[in-house]
Structure formats: structure tokens, C-alpha cells
Amino acid sequence: MSRQASGLKAWVVQRVTAVYLGLFATYLALVFLVLTPADHAALLAWVRAPLVTLGLLLFIPVLLAHAWVGIRDVYMDYINAIGARVVALALTAFVLLGAGLWAMQAIILAQLH
Amino acid sequence: MKISVYRYHPETDSKPHMQTFEIEERPGMMLREALLEIKVQDETFAFRHSCGEGVCGSDGMNVNGRNCLACITPIAELKQPIEVRPFPGRPVVRDLVVDMSQFYEQYRNVQPYLVRKDPLPEQEILQSPADREKLDGLYECILCGCCSTSCPSFWWNPDKFHGPAALLQSWRFLADSRDQATDERLDDLEGPYKLFRCHTIMNCVEVCPKGLNPTKAIGHIKDLMLERSV
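Quick note, the sequences are listed as chains A and B, same order. Take the first sequence: its letters are residues 15 to 127, numbered as in the numbering used here. Take the second sequence: its letters are residues 6 to 235, numbered as in the numbering used here.
Think of the hints as simulated: they come from the structure by calculation, not from any bench. Mixed in with the good hints there might be a few duds.
Think about it this way: if two alpha-carbon atoms lie no more than 25 Å apart in a straight line, the pair counts; the simulated DSS-like pairs of lysine-lysine are [claimed, not checked]: (1) B:K227 - B:K139; (2) A:K23 - B:K165; (3) B:K227 - A:K23; (4) A:K23 - B:K221; (5) B:K20 - B:K44.
This structure is a prediction, so every number in the text was calculated from the model and none was measured.
From just these sequences and the hints, can you work out the full model?
Written out as C-alpha cells, the structure is:
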């Protein structure tokens, strides 16, 4: 097992993160469809509410972990050449990490405005 | 009635083609009988078959895009013109005959037999009726291969993913109260390929001619793995 990518762990991570993503995405949809923030200031006020900040900060790594397992699965299924797979995995990891860090700093900066 | 069959003879054909035959339909006719009629018309046509009643699992093939056993598939239930092809994803040996080596290799990999560590008793190993019942829906598999060859995960990774048929048998022995190699069996299944390539697509359940449910068995294996790891 030491030579292998994870099987059970990845599967559990994806299932567990799906629960949080499902709940939080529903909340996000409700906020933006029903209680739509009127302007930028209202949006900032919403982000700054402590529970929302916490929820968002948690949402990002959870989303990234979920996406990573999902995309890794797609590559394992469809990309057979090992070189191409490693490149695809590396690029995906950079994009996910970059997007995640950028989203994190946006949430943190919102606290300082 | 028209039946279009996949033809490929590696020694004479550069590539496969479909050939249409005209068959006289009889009431209650099964597809296997129609294929035998084709063989009367053209004796070079090759397909595997044996018992003719869905027990041996020899005549699995892809009919109108769906895997089935020809011997228990009534012609009357098929949309015409009927299109018969070999199992998808398997190397074709000739016409409808495919090479199932990888399928059997995966079956071998799950150690489909009881493993005992205790000394064997003088007589049989007893099992309660309730424990015996746990094997229902598992032991009936005839290894025809309809499920594994309809599974996209098995198409992409037939060398690494065990496939639904082998995993159903894996659970058949994990669920057996007489087996004593649960931990070893679970350890062998770890990693992203052997078990976890299953994405619950459920083509296997859809096509199983015996009405078995490999997806459910795979779910049980994952649950047991989780139970034993936390």
C-alpha cells in the first residue's frame, strides 16, 4: 500500500466533503438567489459575518480536496501514458492550489476593508 | 427476420465488418438458435455456446448495444434489425469469440475460495442459516462476463481494476462466516485501482442475466473496509 495512491482514504474524503459541499452550496444558492446582497458593501458585510467567514474558509479547502479526488479519478481512467498523467496531475494541482490561495486571500482581505 | 452480426477473421480480414443474415423466426426462438441458423448458412461463423439455458455462461455477447446471454434472450423482445457484436473492450479472437483472459485473471486475483487458518474440522464447517443467507445473491454468479465487459471502468483499466464480477466474488468470500482471511482480502483491495475504480455506474446491475447486484456488493466491501480502518 505504501507504493500506491490512496484508495479508501480518497473515497472517504470525497464522500465526506460532498456532504459539506452539498449543505454549504445550498446555503450559497439561497443567499444569492433569495437574499441577494444589494451592493459591494452589503456583500462585504455578509462575508465578514463570523459564521459566514468560517463557512467560506472551510468551503475552499473542502472544495479543493473534493475536486482533486474527482479529477484524479478522471485522469486515472482516461490518461494511460504515465508522463501525460503526471503532467496533467501537476498542472491541476497548481491550478487548484492557486485558485484556492487566491480565494482565501480574498476572504481574508474582506475582513480588513 | 434480419440479423446483422460482427465478422472478423484475423487471418483473412484486414478489419472487422458487419454481415446481415436472413433468418426465419420461430415462436419462442432464442437468439442462440438464430445464431445457430446463421452457422448453418455460413459455417465459418464463430460464437461460443454450450448449455443453452443460461447456466454455463458461454454465449455472452453484445446485442443491440446491451450485453446478454444469447440462449436466454428471446428474439421477440429484440428491436429489429438485430445487431450482434462481441463483448465491448475485449480483444476479438474471431467473430463473436473474445479473449477473456484478463477477466479470469481478475477473478483469480480475489482468491475466490475459502481461506481457513484454524485446523480443518473432521467434517464440514458449520454455518448458521442466517450466515448462509448472506451468500444469497452472490454465489449464483456464472462468470459469463456480461457485467465486467459492460463496465466503463473495466474498459479503461482491465489490467488493474478487478471489475464487477470479481468484486462480487470478493464480497462473496468476505461475507462468508467460514472464511478467515478478511483482513488480508481487504488489504489486497487497497489502492485506487482494484476496488476504487468503481464509480457506481451500475451497468453491471443493468445487464446481469442472473439479476445479481455487484454494485451493492462493492458498496459492502467499501463499508467493511471503512469499518476496519477507523
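Here is how each hint holds up against the structure:
Pair hint K227 (chain B) plus K139 (chain B) holds up; C-alpha atoms about 17 Å apart against a cutoff of 25 Å. For the suggested pair K23 (chain A) and K165 (chain B), the alpha carbons sit about 18 Å apart, so the restraint of at most 25 Å is met. A distance of roughly 11 Å separates the Cα atoms of K227 (chain B) and K23 (chain A); the hinted pair therefore holds under the 25 Å criterion. Of the supplied pair hints, the one linking K23 (chain A) and K221 (chain B) holds, its CA atoms being roughly 20 Å apart against a limit of 25 Å.
A C-alpha spacing of about 21 Å is found between K20 (chain B) and K44 (chain B), which places the hinted pair at or below 25 Å, so the restraint holds.
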